[in-house]
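Peer 1: Fit chain E to the given chain Z structure using the hints.
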Amino acid sequence: MWDGEAAWAALPTVLEGFGITLVATVLGFGVALLLGLVLALVGRAAPRWVAGPVNAAAAFVRSTPLLVQLFAAWVLVPALDALVLGVLVLGVHYAAYLSEVYRTGIDSVPKGQWEACTALSLPRRRVWRAVVLPQAVRNVLPPLGNYAVSMFKETPLLSVITVHEMFHEASSFGSTHFAYLESFTLAAAVFLLASWPTSVLVRRLEARLAKGA
Amino acid sequence: MSGFLAELGRALPRLGEGLLVTVESTVLGAGLALVLAYALGLMSGSRSRAARGAARTVVEFFRGTSLYVQLFWLFFALPMLGFRLEPLACGVVALGLNFGAYGAEVVRGAVAAVPRAQLEASVALGMGPGLRLRRVVLPQAHPLMVAPFKNLLVQLLKATPLLSLVTVPDLTFRIDQLRSATGDTAAAYLLLLAVYGVLAGVLSLLMNALERAAKARLGTGGDG
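Chains as they are written, first to last, in my numbering: chain Z, 47 to 259; chain E, 4 to 227.
Next comes chain E alone, as it looks inside the complex:
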């Protein structure tokens, strides 16, 4: 155990780099997923049949094929078609597409849950579609999205160790190196599990604060 601690001390800078890569892939993946979730989610609720059909197809495709298959497809199969992405880019794109598809369902559901009368009132006031969306629909849909987005974000964080399988030097990758250097498997993996537990906890706290803020802006406040 003392040997493990000494080795851990020496490996600390590399573990820090790994942690940064994990955080980076989480943030970039979540950013891409958020953009896609809004685009696909709003398209799924659109009146145009073509837009709806396209969005549904993309969403069902990326929800239906496994994230692992998508990631490995990008890493191994895509180069055979002549495109090569950096490992980290593969990971971010796979995370973004997969979680974006799940997020699209959240956005669609939240927008559909805004009372119809709100939309009718804004039409009656002569607001254009963009203004309606920005000032009436989305502000009321946001508080409903935060809780499911929190779950998706934690899921996304927990999916990032997959990136180590396609040679991205994330936290899992670095701790696995530490494990082979020290031979202390139990300590290395317990440490890894604990770090992910803490990261998930921090993310949850951040998202809870966001939810309170979104509700407060709407005037429904508190935990109500």
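For reference, chain Z alone in the conformation it holds in the complex:
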């Protein structure tokens, strides 16, 4: 049955793990945002012999399980620190999804914007940086936010490669004190408390963008 004292004792451990969870999420999403943009631009602007294989690789990453990718990276690249490796695998996995998000964002920029850039003979670089990307990214902020929340909820997977994030901490507390009920319930509560307000915010943002557009 529920043991309040055990839950109280588990709280510091779980919160300590939550710090690592946040670090992994923020860094992993940073990698995904950058790499996803690169993938989208390559898929869009690079010559076909580059874009084709890159798109195929991204599709492959999207259609295979994150857990297996983590295991594979863990045993194939044993030299890297677990947290660094976890952040990279998370980043690459989500970059494959985010590149599609960016792509729809870029497609949603009206053709007139491109034509105006040509008429003003803006250099290519400036077209992307000053005209297309700011509008594209603004359009896809809500899906980007949703992916950030879903990455946050996938960080427990990093525990299989011994990253000491919240779930790993909850799990080891549970096994040493035989208090799985308390430690896992706490971890679930922290996930809910952190992800629910974020998804409400994303939904508000979505509603506001839909109205303002």
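Watch out, some of these pointers could steer you wrong.
[What the hints assert, rightly or not] Heads up, incomplete: computed chain Z residues facing chain E, CB under 10 Å, no partners named:
hint, residue
1, SER109
2, THR110
3, LEU122
4, GLY158
5, LEU227
6, SER245
[Stated by the list, open to error] Quick list of in silico lysine to any residue cross-link-like pairs, SDA-like style, CA-CA up to 20 Å:
hint, chain 1, residue 1, chain 2, residue 2
7, Z, LYS257, Z, SER245
8, E, LYS153, E, ARG220
9, E, LYS218, E, LEU136
10, E, LYS153, Z, SER196
11, E, LYS153, Z, ARG90
12, E, LYS153, E, ARG119
13, E, LYS153, Z, LYS257
14, Z, LYS257, Z, GLN181
15, Z, LYS157, Z, ARG90
16, E, LYS153, Z, ARG108
17, Z, LYS257, Z, VAL186
18, E, LYS153, Z, ALA105
19, E, LYS153, Z, THR150
20, E, LYS153, Z, TYR143
21, E, LYS153, E, GLU108
22, Z, LYS257, Z, VAL183
23, E, LYS153, E, ALA219
24, E, LYS153, Z, VAL183
25, Z, LYS257, E, ALA116
26, E, LYS153, Z, PHE106
27, E, LYS153, Z, GLU146
28, Z, LYS157, Z, VAL186
29, Z, LYS257, E, ALA115
30, E, LYS153, E, PHE86
31, E, LYS218, E, ALA115
32, Z, LYS157, Z, SER196
33, E, LYS153, Z, ASN192
34, Z, LYS257, E, GLY112
35, Z, LYS157, Z, VAL177
36, E, LYS153, E, LEU141
37, E, LYS153, E, LEU206
None of these hints come from the bench; they were simulated from the model.
Glycine is no exception: its CB is placed at the ideal position from the N, C-alpha and C atoms.
Peer 2: Showing chain E alone in chain Z's frame:
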């Protein structure tokens, strides 16, 4: 590599069993998720405040807590309350609850997207609520649901390797055994990734066919 192939040949029956377990958990999990998605999704669009509130709470709860935490909670914490589920049942229930909550949003959105006039017309024709839902609302909502359901189904398939962490002997579990038997890590994991890639591809093809069928039944046909 030749040692790996020989071992692979010997392990083939066990890998086949693992594949069956993966397919089984995907199908059962998706079935449970589909039922929950309809129940919760229709409740979220209901006029009764109590039904709506209950559905929203359940959906937000299972979307907000991570699938991994849910699965491990069922496997480790639930027995402490006196209920013990088989590992495979834990997996199917966790997958069903989690993806059912996501699916409920799909159902709710698709039902809300059916033009209001359709509903008013069916009221004017004196159709009861059940008949309205069955003959007017759902047939028009279905084609909108297929594409997001396809994404969820592929996500669900890709979540099944988690079950190997709670001792379900699925494909990942079996190939991991093969890996420790042969020591050929790269080959084992590449094979595993490839099999999941193929499975996801097959699922996508099936769902594309379903989408075409749903659209054809509505008379909007083609890819339009």
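Peer 1: Could you work out which earlier hints the structure fails to respect and list their numbers in ascending sequence?
Peer 2: 4, 11, 12, 13, 24, 30, 32
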